[in-house]
Amino acid sequence: MGALAFPAVFTLPFPRHVMIMIFLYGALATAWNIIAGYCGQIALGQAVFFGIGAYTSSLLYTRVGLTPWAGMIGGVILAVLVSQVVGYPVFRLRGHYFAIATIAVGEIVQALIINWDAIGGGRGVFLPIKRPDSFLNFQFHTSKAYYYYIALGLLLLALGITRWIEGSRRGYYFRAIREDQDAAAALGVNVAREKLRALAISAGLTAMGGSFWAQYLLFIDPESVFPLSLSILICLVAVLGGVGTLWGPLLGAAVLVPLQEGTRVMLGGTGKAIDLLIYGALIIVISVAQPGGLMGLFGVSRGAGSAR
Amino acid sequence: MGFVYALIAAGLSLIFGLMEIVNFAHGEFLMVAMYVAFFAWALLKLDPLVSLPLAALLLGTLGFTVYHGIIRRVLDGPMLAQIFATFGLAVLLRSAAQFLFGVDFRTVSQPLLAGRVALGPVFIGVPQLAASVAALAAFVGLFLFLSRSETGLALQATAQDRHAAALMGIDTQRMFALGWAIGSACVGVAGGLLAMFFYIFPDVGTPFALLAYVTVALGGFGNVPATLAGGVLVGLVEAFGGLYLTPALKYSAVFALYLGVVLWRPQGLFGRF
Amino acid sequence: MSLLSVTGITKTFGGVMANREISFDVKPGELVGVIGPNGAGKSTLFDLITGFQRPDAGRVTFDGHDVTGWRPDRISHLGVGRTFQKLKPFAGMTALENVMVGAFQKTSDVAEARAAAMTALEQVGLGERAEAHARGLSTGQRKRLELARALATRPRLLLLDEVTGGVDQATVPGLIRLVRELHATGLALIVIEHNMRVIMEISERVVALQLGQVIADASPAEIVRDRRVIDAYLGETWRE
Ligand SMILES: Nc1ncnc2c1ncn2[C@@H]1O[C@H](COP(=O)(O)OP(=O)(O)O)[C@@H](O)[C@H]1O
Ligand SMILES: [Mg+2]
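As given, the protein sequences belong to chains V, F and A, one line each in that order. Using the numbering used here, read the first sequence as starting at 1 and increasing by one per residue. Using the numbering used here, read the second sequence as starting at 1 and increasing by one per residue. Using the numbering used here, read the third sequence as starting at 1 and increasing by one per residue.
In short, the hints are calculated from the structure, not lab data. Virtual Cβ for every residue (Gly too), placed ideally from N, Cα, C. Don't take each hint at face value.
What the hints assert, rightly or not - Okay, the calculated bits of chain A under chain V, using three or more residues with CB under 8 Å as the criterion:
#: 1; stretch: 105 to 118
#: 2; stretch: 149 to 157
Said to hold, decoys possible - EDC-like cross-link-like pairs, simulated, lysine to aspartate or glutamate; straight-line CA separation at most 20 Å:
#: 3; chain 1: F; residue 1: Lys250; chain 2: V; residue 2: Glu223
#: 4; chain 1: A; residue 1: Lys88; chain 2: A; residue 2: Glu131
#: 5; chain 1: A; residue 1: Lys86; chain 2: V; residue 2: Asp182
Input sequences plus hints: build the corresponding full structure.
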């Protein structure tokens, strides 16, 4: 409830921006948690889906005039399709081969987009600024509060889906696959299909985040929505908070985003990278001392994926 | 370039073969090595070729320290912890470089070797040529060490079966640490060589590391000699990709090669069974 | 009519012929023992029956379906359960959750799966450990857990790989009693077992393998008198 009242209390843009980023990264990390934390598939190419979401809604808006809300759904559909086409062969790989294959896919997709001049190539896409604010246009220039609630909605959707998975047969199947694929198959779990489903859910949610991001910044390019560093950042947020737990990814975002935004404002620019410095150190300490993430400190543990 | 890739990849492969851990900070090790070479040149007026042993030594020490400080503690942990421990290290090293040295591109100007020579129909920079030769030499040295020396054989035995090796009286902890030291020293040499003609900046290691993962996978993880072939292959694909495709797409060609190979032959091109 | 028919299956790994033209049948409700020295190809045989490996040649038929080359999960749905020699617990999940994964084959309802899983756990004598994490269980308990998991899928044929291997001697009689009880419910079983006394005691028929080939397929009483079996196997392992 406090989250709902926040914009009313904090009227300055900056705290709202920080909260929006927490929600967005919380949602992205929660989405990754479904495929990696629960299903144990350490996919390092989430930016592909983020970028697809951003580009689909943006292009449908600039080229066809479709409202970004419909574009968002289009992005989800496209991301899910791509996830299935790519996932089908790549899920046959295990362990490090899988993880590196997902990086490879991400790098190939980014390079293709950079070279695809018809959709802007490396120059990216500018979204035309439309006034006055309009829900239909998904643009709000007078107040960040709208973005705040939309990002919150996205986060709640991601958390709600995770919660639903946790409490259903699907969640048991995902965790069984994470712990041991062969044993799961011997018990009748269609391992390939379940992995594809986990990825589809994860991809769809990530694409929604991408569409949101495009509308929030009104400018996208391959370097900002398709980079490997984004894929990695999403994972690191989740790992910091605790994978395989409902609240871990959000906790990770709540720690990391203020750190990132705070140092950025205090030190100006990104030149000094102090946030990442602290962050890298945090991740190492967490991996070494508490593989369950910060959630592990509260005694919440689902046994972080021992996928091999 | 293929030989330099092979040398970078050999370090990665050695470590993976020993303990099935992929060092995702490998590219950052390379970056550190390049800065070592740069500062040796800027402060001590040592050419990268001359400071090569220094880079190898420092990187070897770094690898050794990282093993004892971090890796040893996640060795029996979940794969996720292993991956992200080294990822965290990558982030740490890269941002430390950014913090200390800034994001500027630096170069070693006036290196000992410069100019270019005609090699048949193509021109090749002398530093590039020297780097290739030196990398190949280092690679051969590594290979001889692994296959001839007693310590090298002990390393290989540990890679084969660490429990059996332990029973035979091999101190596997020592071997692991040594593997990290040698694997990192390889990157030290490669970094020193690259510093002769490559821009030096905090993110410089990333593309090299990505290519190294591909190279290692092509050769079959843990199979050090085969990484040489993998490296040459990657170098060729990159070169020809660069010839026929735009620069951004040449890495894609390499990654596509990776996907093709792992999906078609998951054990790598030269993996056994 | 036999429940399971294996006809002429062959599997090679590199140069090793792990299974060579193996044929045998299992009738509904039958308990067949499989013996053979280490490396004889027993576990490979299980992998071929349950779809974890694809045979180079030959057929596997279960309940009238030709299941050769099917995926493991489809074979499981047909009613074939198995355990693994190298145990594969879902280490980060509780014992109850482990077994629920199996129970979900017959229901998608969580409460029903939980109840069915609890029944299976009690059947194998692990009722009290339901909430314990699988990684905290002893080897013997893990074997039982793996059994309970397979049972929860309600199989008609259960393949047990080395039931008593690696567990401490005191728990062996309990495990044997358990196998007997399962058999008494009408379940067909194939049991790989190294302990000859156990296999002779429980089996209705014994298949002996050596170097990937069937060297005998007979009643326990005949097996102990078979020259080839004695030469290949009993001579060296007939001891306690
Ligand atoms: N996945 C595999 N790859 C290569 N060789 C295998 C594989 N599985 C089994 N083998 C080989 O097949 C033979 C039979 O093994 P296995 O079926 O495990 O025997 P058993 O269970 O009777 O001890 C052995 O020589 C073993 O090394
Ligand atoms: Mg066996």
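Given the hinted pair Lys88 (chain A) and Glu131 (chain A), is their Cα-Cα distance within 20 Å?
holds, 18 Å
Take a quick look at whether Lys86 (chain A) and Asp182 (chain V) sit within 20 Å of each other, Cα to Cα.
Since the Cα atoms of Lys86 (chain A) and Asp182 (chain V) sit roughly 11 Å apart, the hinted pair holds (cutoff 20 Å).
Do at least three Cβ atoms from the stretch 149 to 157 of chain A come closer than 8 Å to Cβ atoms of chain V?
holds (count 4)
Straight-line Cα separation of Lys250 (chain F) and Glu223 (chain V) no greater than 20 Å?
Roughly 17 Å between the alpha carbons, so the hint for Lys250 (chain F) and Glu223 (chain V) holds.
Residue count check for the stretch 105 to 118 of chain A against chain V: does it reach three with CB-CB under 8 Å?
n = 4 at 8 Å, threshold three: holds.
The structure agrees with every numbered hint stated previously.
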